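Asks: Quick note, the sequences are listed as chains A and B, same order. When we follow the working numbering, the leftmost residue of the first sequence carries the number 1, and every step to the right adds one. When we follow the working numbering, the leftmost residue of the second sequence carries the number 1, and every step to the right adds one.
Rather than coming from a laboratory, the hints here were simulated on the basis of the structure. Predicted, not measured: the structure shown is a model, and the values here were computed from it. Just so you know, not all the hints are guaranteed correct.
Computed, partial: chain B to chain A, Cβ under 7 Å [stated by the list, open to error]: (1) N216; (2) D273; (3) N396.
Calculated cross-link-like contacts (lysine-lysine; reagent style DSS-like; alpha-carbon spacing at most 27 Å) [as the list claims (entries may be wrong)]: (4) K139/B to K262/A; (5) K63/A to K265/B; (6) K139/B to K161/B.
We treat Cβ as the ideally placed atom computed from N, Cα and C, and that holds for glycine.
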Amino acid sequence: MPHRITRKEDLNTMDYLIEVEAPMVAERFRPGNFTVLITVPQGERIPMSIQKAEDGKITMFIKRLGKTSIELDGFEVGDSLESVIGPLGNPPEIKRYGKVVFASDLVCGHAENYALCKALQKIDGNHVISIQTFPTKDDVYPTEELSEAVCDEYYLTTLDGSRGIKGHYNDLLRDLLYQEKVDIIFAGGDIPALRDLSKLTEPYDIPTIVTVRQIMIDATGMCGSCRVFIDGEMKLTCIDGPMFDAHKLDFKDIINRLSMFKKKEVEAMEYYKSKTGAR
Amino acid sequence: MKEADRIRVPMREQPVKDRVKNFDSVPLGYSEEEAMAEARRCIQCKDRPCMMRCPVNMKISAMIETIAEGNFKEAYLIAKEDNPIPAISGRVCPQESQCEAVCTMGKKADAINIGKLEAFIGDWAMRNGVTEELHIDEKDKKVAVIGSGPAGISCAVDLRKLGYQVTMFEALHVAGGVLQYGIPAFRLPKDIVDCELSYLLKIGVDVRLNHIVGQNVMLDELRREFDAIFVGTGAGAPRFLNIEGEELMGIYSANEFLIRVNLMKAYDFPEHDTPIVCGARVGVMGAGNVAMDVARCAVRLGAEEVYILYRRTKRESPAREEELRHALEEGVVFVELVNPTRLLGGDDGWVKGIELARMKLGEPDSSGRPRPVMIEGSEFIMELDTVVNALGTVPNRLFLGRTPELETTGWGAIKVDENLMTNIEGVFAGGDSTSGGATVIQALGEGRAAAASIHNYLSGR
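Construct all of the structure, not just a fragment, from the sequences and the given hints.
Replies: Laid out in structure tokens, this is it:
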């Protein structure tokens, strides 16, 4: 089954959007699900968040970071991916929570932000607040890809204050939580920032559900590579997650193990560059 | 008996110094002459204990007789009657505890090398493009087979031969289950697996990859669409020790280690994208075939010292004789009577060692093997930079967790009746998903038995 690319656009200098034909994933997608991509036959299996699933196609936000994302950036509309697998993971219940926040500061988190806000906003009784953080004004995504249109209250922050509110979503939330009562917070993106968020919300006793990014291979519960520890109990990000109660997560372990293949990732990139002449 | 007939025709193997640097097959396979010479050693005894002991009751003596005559095509067709994948089972079956264990010849001399003859005949057919000619009388009933490992393969083949419309659902991006992700290429070359699997397509099995039943396809949907279902989902989930330090970097489940190396071809990194980090001093916990596979992969990935850490002794190792021998030849060190108590990490978050307690053998336990007993105060530390846990697997809870209506035992194996039917009418199961972890050939046998039961069920018998 060919997975043809139907749209591909830059979101900023580092991030791009890609829309591919994946009828099975699109038809069965629930916000919070993820997909596993294989770009080429000798490629790795990489987990990827989904922003939208419509008309047999899914849209993902990808950062030009490692070998696979840079290679995929070389693909054009009309080219096909080897496999687009899923939907995977165990998404959160879409129901009435009351005042809901979704905060994000990285590609994957921004995709989840959009998908979750859109679904949660449709439920009566929810007031959905979306917060998106970018480094500077130049990094802010095109308006139509932001969550502004799919929430009730929207905040854009930049770390240098060049657009929107100055600071990280955690800075904004520190003030917000002081002023008003929030029923639940979802968040995705940079893991150390999620750890800080967890520390921030714990004294308020606000349920805080975060998307964990951990190294995966099969993403079906077979390899155990994505194991995380919840109150000391082992869980698998692929089939038990990817969203977990932040107050119970061992972030130190997650951050530590995410770096296990760092040297190999550099090696893969160097090899790819030498082979293709890519910069 | 002539003196020369007492011993097996030796199997040529890659020399140790070469093979530890590659992932190519270690045994080089019999030539036609060698196979005929080995086959002629068979005395064609009347009792045929080999066939009785075979989990799929292959007509072994008839196969050997025709090999001896040089009639390889006929031999292949005989093998294929009962075994859909002879080139595979010939390589991975524990023959020394099955057919070869009861070989009449073996009472007085070397048992016939049945495994290598079976592999020879499978390879010969592949090389010469020989396949069986099938005439399938199509039936309109549809059967879903979940999982494309050994149990699923044999069930699908038998049902297809009977004319059923068979659709196979595989969670991964390639078919074959444990044959692809679990068993390394130096033991089971992947071109052989691919060739044996292409047979499924050739006879008209509809193989659907990336279909994860319980995740993106539900059992209920399959029940509505199909007249019967076979569950052959294997025992693909890792079992961890729940000891201190399992979160450290450098610790793998055997599944992760082998999936990276075999399925994703990490040994060919960076030509293939998936990496593996294998250190210089590797400890493998466990002493079964999977542990040997991991240890031998580690040797090939460049580890300087590889240790098998086992709580019993070599004698109780559940590994095939050949795997244990090959591992030892390749420099793997077998450490007997030790049990891990915790994993030690450095400030950098990587594992740096393992604490082991010395064991002694006590009274036999329910498995009949002596129970290992910890010697108090005997703990010592072994420095390691990679630790792989090969202490067994359990059925995958992704499938079971999403199909609560399916009855299981306490540890997650699917319960079946004498016809391999589960508590759900029309849903059958076999292989490691019901036994929890056995051999390829046992799974093949159960797949066949389930196919026969499904045929009976669908023909109203």
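Asks: Checked against the structure, which of the hints given earlier come out wrong?
Replies: Of the numbered hints given earlier, the structure breaks just one, which is hint 4.
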